[in-house]
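K.L.:
The lines below spell out each chain.
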Amino acid sequence: MRIGDAKQSYEADEAIWTTSTQKLWFGLFLLILLVFPFMADSYLLYLGCLVGIAVISTTGLNILTGFTGLISLGQAGFMGVGAYTVAWLSVNTGLPFPITLVLAGLMAAAVGILVGLPSLRVKGLYLAIATLAAGVFLHFIFAEWESVTGGMGGLSLEPAHLFGLSFQSDFMMYFIIVPLAVLMVLAAANVFRTRIGRAFIAIRDRDISAEILGIDLLRYKLMSFALSSFYAGVAGGLFAYFYRVVTPESFPLSMSIFYLAAVIVGGMGNLLGGILGAAFMTLVPEALKLLTAALTPFYPNAPVFMSPMLEIIFGALIVGFLIFEPHGLAEMWHRIRRFFRLWPFKN
Amino acid sequence: MDWIFFGEISLAGLAMGGLYSLIALGFVIIYKATRVINFAIGEIMMFAAYLFLAFAGGMEMSAWIALPLAVIGGSLLGGVIEKTMIRPMLGESPISVVMVTIGIASILVGLVEFIWTADPQLLPSFLPREPVFIGELYLAPKIAYGFLIGAALLIIYLLYFRFSRGGVALRATASDQAAAYSMGINVRRVFNMAWVFGSLAASLAGVLVAATGGLSPQFGIIGLSVLVVVIVGGLDSILGALIAGVFIGWLETVAGAYLGGEYRMPATFLVLAVILVIRPYGLFGTHEIERV
Numbered sequence: 001m002r003i004g005d006a007k008q009s010y011e012a013d014e015a016i017w018t019t020s021t022q023k024l025w026f027g028l029f030l031l032i033l034l035v036f037p038f039m040a041d042s043y044l045l046y047l048g049c050l051v052g053i054a055v056i057s058t059t060g061l062n063i064l065t066g067f068t069g070l071i072s073l074g075q076a077g078f079m080g081v082g083a084y085t086v087a088w089l090s091v092n093t094g095l096p097f098p099i100t101l102v103l104a105g106l107m108a109a110a111v112g113i114l115v116g117l118p119s120l121r122v123k124g125l126y127l128a129i130a131t132l133a134a135g136v137f138l139h140f141i142f143a144e145w146e147s148v149t150g151g152m153g154g155l156s157l158e159p160a161h162l163f164g165l166s167f168q169s170d171f172m173m174y175f176i177i178v179p180l181a182v183l184m185v186l187a188a189a190n191v192f193r194t195r196i197g198r199a200f201i202a203i204r205d206r207d208i209s210a211e212i213l214g215i216d217l218l219r220y221k222l223m224s225f226a227l228s229s230f231y232a233g234v235a236g237g238l239f240a241y242f243y244r245v246v247t248p249e250s251f252p253l254s255m256s257i258f259y260l261a262a263v264i265v266g267g268m269g270n271l272l273g274g275i276l277g278a279a280f281m282t283l284v285p286e287a288l289k290l291l292t293a294a295l296t297p298f299y300p301n302a303p304v305f306m307s308p309m310l311e312i313i314f315g316a317l318i319v320g321f322l323i324f325e326p327h328g329l330a331e332m333w334h335r336i337r338r339f340f341r342l343w344p345f346k347n
Numbered sequence: 001m002d003w004i005f006f007g008e009i010s011l012a013g014l015a016m017g018g019l020y021s022l023i024a025l026g027f028v029i030i031y032k033a034t035r036v037i038n039f040a041i042g043e044i045m046m047f048a049a050y051l052f053l054a055f056a057g058g059m060e061m062s063a064w065i066a067l068p069l070a071v072i073g074g075s076l077l078g079g080v081i082e083k084t085m086i087r088p089m090l091g092e093s094p095i096s097v098v099m100v101t102i103g104i105a106s107i108l109v110g111l112v113e114f115i116w117t118a119d120p121q122l123l124p125s126f127l128p129r130e131p132v133f134i135g136e137l138y139l140a141p142k143i144a145y146g147f148l149i150g151a152a153l154l155i156i157y158l159l160y161f162r163f164s165r166g167g168v169a170l171r172a173t174a175s176d177q178a179a180a181y182s183m184g185i186n187v188r189r190v191f192n193m194a195w196v197f198g199s200l201a202a203s204l205a206g207v208l209v210a211a212t213g214g215l216s217p218q219f220g221i222i223g224l225s226v227l228v229v230v231i232v233g234g235l236d237s238i239l240g241a242l243i244a245g246v247f248i249g250w251l252e253t254v255a256g257a258y259l260g261g262e263y264r265m266p267a268t269f270l271v272l273a274v275i276l277v278i279r280p281y282g283l284f285g286t287h288e289i290e291r292v
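In order, the protein sequence lines correspond to chains A and B. The first sequence finishes on residue 347 if you use the UniProt record's numbering, and the numbering steps up by one all the way, no holes. The second sequence finishes on residue 292 if you use the UniProt record's numbering, and the numbering steps up by one all the way, no holes.
No lab work stands behind these hints, which were simulated from the structure alone. Glycine included, every Cβ here is placed at the ideal spot set by N, Cα and C. It is possible that some hints are incorrect.
FRET-style restraints, in silico, Cβ to Cβ [as the list claims (entries may be wrong)]:
hint: 1; chain 1: B; residue 1: SER182; chain 2: A; residue 2: SER254; range: 42 to 52 Å
hint: 2; chain 1: B; residue 1: GLU288; chain 2: A; residue 2: PRO285; range: 38 to 48 Å
hint: 3; chain 1: B; residue 1: SER62; chain 2: A; residue 2: PRO300; range: 37 to 47 Å
hint: 4; chain 1: B; residue 1: LYS83; chain 2: A; residue 2: ASN92; range: 53 to 63 Å
Keeping only pairs whose Cα atoms sit at most 20 Å apart, straight-line, the calculated EDC-like set for lysine to aspartate or glutamate is [to be verified]:
hint: 5; chain 1: A; residue 1: LYS23; chain 2: A; residue 2: ASP5
hint: 6; chain 1: A; residue 1: LYS123; chain 2: B; residue 2: GLU290
hint: 7; chain 1: A; residue 1: LYS123; chain 2: A; residue 2: ASP205
hint: 8; chain 1: A; residue 1: LYS23; chain 2: A; residue 2: ASP13
hint: 9; chain 1: A; residue 1: LYS289; chain 2: A; residue 2: ASP41
hint: 10; chain 1: A; residue 1: LYS123; chain 2: A; residue 2: ASP216
hint: 11; chain 1: A; residue 1: LYS123; chain 2: A; residue 2: GLU211
hint: 12; chain 1: A; residue 1: LYS123; chain 2: A; residue 2: GLU146
hint: 13; chain 1: A; residue 1: LYS23; chain 2: A; residue 2: GLU11
hint: 14; chain 1: A; residue 1: LYS123; chain 2: B; residue 2: GLU92
hint: 15; chain 1: B; residue 1: LYS83; chain 2: A; residue 2: GLU325
hint: 16; chain 1: A; residue 1: LYS123; chain 2: B; residue 2: GLU288
Make the full structure from the sequences, and use the hints.
P.N.:
The following block contains the structure:
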């Protein structure tokens, strides 16, 4: 039984893996991720890819909202920028996917900086509305700038390709999406061990104090916006390769709300929370679909009620988590861990 | 340029703007008293409009009985939401509370789809049908009478907040909660009252707007336009809500008529962006001073 760690240096305190048990579990987790596509059927693979994309985008929003304290309702717009960048590049240049994905991220980051500009003057809810406005504008541009985005019809693109391999099936896409998700989450974890990440957290906790400490608010807020929308852009790019068609309706306002909900349900300002939240919010609707399918033989009306039920459950989840478990799934996870760690003592 | 057409469009826009002002007032009352932005206001409007549909269409009541019933139903809904879901969030961060109201909005949409299905509905018409002329300008009767009813409620509200005990309590709570509490004002009741009154204004506007434009579960999207109104006017300014409401309503209608329907939202959000850059706290909002 191990009930605590004696940390004797800052490095030890800041390390991502503090114990060898953690490393072991992480290794096991990676192994499961690797074996998963060979065991799973096509439906599970599809879900795995969806969760991977959601994890990337949620982690990005978590950097901005959870760690820097800047509320954003424009995440879907940034994802759209990434998706359209990938689609346009793939249609017009035929570049391989690693390059288009990076460019998608950079493009979204540039837009993110632009959107973040008011963040020095306005904050809190006013900023949330400003990002909402950005989302509306981006949606408008996607729909109206027909020569580039194809208007309401959108763009269709070829499968991702590299070294003569074509990533057409969900099975192949899994090997792009999931490693990238793991990598980007680890990168985010590392950001918060550096000066930049510390500055983000200082700004979240009290921005005026942070400014007095010598943190250049505008610079770091914009950096947070850029980083967060980079993640969104990459997620959007993957989204484009995954569905291979991008329309303005792929990125509605409700998607921004979905990601904010994922961050909150998972646990704001907690990377593990972002992952759990993204997985949870993606899988709940699927579970509900399975349930309806199972019920249909007994209640032929079940499919009619599914879409309203989804809405109600989505809302109830948000409200319920905020009222009863404000620190989200991550806190539940920690409680479970504490239980096993302290057992047989009362935790 | 056709001045008659412009005048008619403007008039319709201004009338619509009057209703926006009413909804924005609902927003501002709730924000002033409780510091909560109610993202669910569009859905509360929608719910009240569906109630009206049920009373007037389904149960075939006279519209003039169904209208007050629907409005009371909507305001009760606001009171219940405050008691059960907003009260436990006291002291949490603003984003959490906003998120709760977004969750509530989603629940309401689901409920409405459950009960009335997702298909668009038409409200039974209950307003006079003779066309209204102001000078040479024609105004659709539904819009004109809707505006008149809305304006009447607006005036009642303004008088109430200015002169009644409840109104004074509300303003006192808005300006300093702790002081109001120590002077014997029941702050909890004021919070609840703010939600009831705010939802009441929104509900009436909801029925009136739905009477002109039809009703569907997507009706709540109108809450977004109103969000623009309150941000432009300043979140805690009643005067701002009135002025910005009329202006945004006019702008939206004119942009829709001259540029096409898809320009309505971008046009208003453009104004919003400009205002946020020039005056971050809206035209009439309070600039809060922050200290470490």
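K.L.:
If a hint holds in the structure, say so; if it does not, say that too.
P.N.:
Comparing the hints with the structure gives:
1. Look at B/SER182 against A/SER254: about 44 Å separates their beta carbons, and that is inside 42 to 52 Å.
2. The beta-carbon spacing between B/GLU288 and A/PRO285, approximately 40 Å, falls within the hinted interval of 38 to 48 Å.
3. At roughly 38 Å, the beta carbons of B/SER62 and A/PRO300 sit within the given window of 37 to 47 Å.
4. Between B/LYS83 and A/ASN92 the C-beta distance comes to about 57 Å, which sits within the given range of 53 to 63 Å.
5. Restraint check for A/LYS23 and A/ASP5: satisfied, since their Cα atoms lie roughly 15 Å apart, inside the 20 Å limit.
6. For a cut-off of 20 Å, the pair hint linking A/LYS123 to B/GLU290 stands: about 12 Å separates their Cα positions.
7. With a CA separation close to 13 Å, the supplied pair A/LYS123 and A/ASP205 stays within the 20 Å bound.
8. Taking the CA atoms of A/LYS23 and A/ASP13, the gap is about 16 Å. The hint holds against a cut of 20 Å.
9. Taken as a hint, the A/LYS289 and A/ASP41 pair is honoured in the structure, with Cα atoms around 17 Å apart against an allowance of 20 Å.
10. With a C-alpha separation of about 16 Å, the suggested pair A/LYS123 and A/ASP216 falls inside the 20 Å cut-off, and the hint holds.
11. Taken as a hint, the A/LYS123 and A/GLU211 pair is honoured in the structure, with Cα atoms around 15 Å apart against an allowance of 20 Å.
12. Distance check on the hinted pair: A/LYS123 and A/GLU146 sit about 34 Å apart at the alpha-carbon level, beyond 20 Å; violated.
13. For the hint linking A/LYS23 to A/GLU11, the alpha-carbon distance of about 16 Å falls within 20 Å, and the restraint holds.
14. In summary, the hint linking A/LYS123 to B/GLU92 is supported, as the alpha carbons are separated by about 17 Å, within the 20 Å threshold.
15. At most 20 Å may separate the alpha-carbon atoms for a hinted pair to count; B/LYS83 and A/GLU325 meet this at roughly 19 Å.
16. With a C-alpha separation of about 11 Å, the suggested pair A/LYS123 and B/GLU288 falls inside the 20 Å cut-off, and the hint holds.
Going through the hint list in order, the structure does not satisfy hint 12, though it satisfies all others.
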